[in-house]
Amino acid sequence: MHIPDGFLSTKTWGALDIISVLALSLAIFKTKNKIEDKKIPLAGVTAAFIFAAQMLNFPVLPGTSGHFMGGALSAILLGPWTGFLVMASVLIVQCFLFQDGGLLALGANIFNMGIIGSAGGYYIYVIFKKVLSGKYEKAAVFISGWLSIILASAACAIELSISGIVPLIPSIIGMGSIHAAIGIGEGLITVAVISYLQEVRMDVLELAKI
Amino acid sequence: MKKIIISGLIFSVILAFFISPFASIFPDGLEKFAMNHKFLDISEGKDIFKAPFADYEFTFIKNPVLKGSMAGLTGVLFVYGIIYWFGKILLAKKTK
Chain F
430 MHIPDGFLST KTWGALDIIS VLALSLAIFK TKNKIEDKKI PLAGVTAAFI
480 FAAQMLNFPV LPGTSGHFMG GALSAILLGP WTGFLVMASV LIVQCFLFQD
530 GGLLALGANI FNMGIIGSAG GYYIYVIFKK VLSGKYEKAA VFISGWLSII
580 LASAACAIEL SISGIVPLIP SIIGMGSIHA AIGIGEGLIT VAVISYLQEV
630 RMDVLELAKI
Chain E
242 MKKIIISGLI FSVILAFFIS PFASIFPDGL EKFAMNHKFL DISEGKDIFK
292 APFADYEFTF IKNPVLKGSM AGLTGVLFVY GIIYWFGKIL LAKKTK
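Top to bottom, those sequences are chains F and E. Its first residue numbered 430, the first sequence is counted upward by one per residue in our numbering. Its first residue numbered 242, the second sequence is counted upward by one per residue in our numbering.
Please keep in mind that the hints were generated in silico from the structure rather than gathered at the bench. There may be inaccurate statements among the hints.
Said to hold, decoys possible - Calculated lysine-lysine pairs in the DSS-like style (CA-CA distance at most 30 Å, straight line):
hint: 1; chain 1: F; residue 1: Lys638; chain 2: E; residue 2: Lys334
hint: 2; chain 1: F; residue 1: Lys440; chain 2: F; residue 2: Lys638
hint: 3; chain 1: F; residue 1: Lys467; chain 2: E; residue 2: Lys279
hint: 4; chain 1: E; residue 1: Lys279; chain 2: F; residue 2: Lys461
hint: 5; chain 1: E; residue 1: Lys243; chain 2: F; residue 2: Lys461
hint: 6; chain 1: F; residue 1: Lys440; chain 2: E; residue 2: Lys243
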């Protein structure tokens, strides 16, 4: 879902660059106030896993692949602000070292996958956990992963439409339908990782979420 | 906690180094959508800089599998390192 340079209009990427810089500053400020030493390696390994898993495209539909995004996972593990920072760090490294996602479009990618996908994914998890009254936590995790991808792709679709490339409705339907399929993989991987951590080390999940 | 960090890192390295050569080469969701709506080519030549390991490849390595695997391995360790480094900076600022 990494947007390359050339897709978005100047106004669109410009506005999203500003929004993302502001969001990053706020996230750094929030994290700085509550950071704990033992959370740092956990954030690092979450980012390392996300980076690795993002390289592993799996086929979803004929001629189409998708890969894990990790936004919901990082926020469920670390909290919305830190999860967003981890996601943004991965995107920044992918852009500067590996040319994955445009430099001008970096703000758009941080907005879609970090703000919508990661922080948004966290609140989807919290809401569904409440709705399901604490039971079926795995369902809340799955829905969070699945919806985080669909919403991130919808944000991308809206940006493409604002940039005058594809009209809004076909853009949202086209992007949303492909990513509804990719999101199933996202949900399953997120559930697998969280369940594994619950199985082996509960304390990882009991650290304060920032 | 230490155990989960080390095993998580080893697992990530295995994914990036050994499993990434088997990743699907089909276009991803956004690329497919761009192909369907015939706008994929508008991004061609629009890169404003050249990243050192574009397309997750170490171009100085000849082996077609190893050039991607080494790039993946480097990325995993680099991402871990940058978060660790930045986290420690934030921690130092907090205690002051």
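Legend entry - Hints that the structure is at odds with (numbers, increasing): 2, 3, 4 and 6
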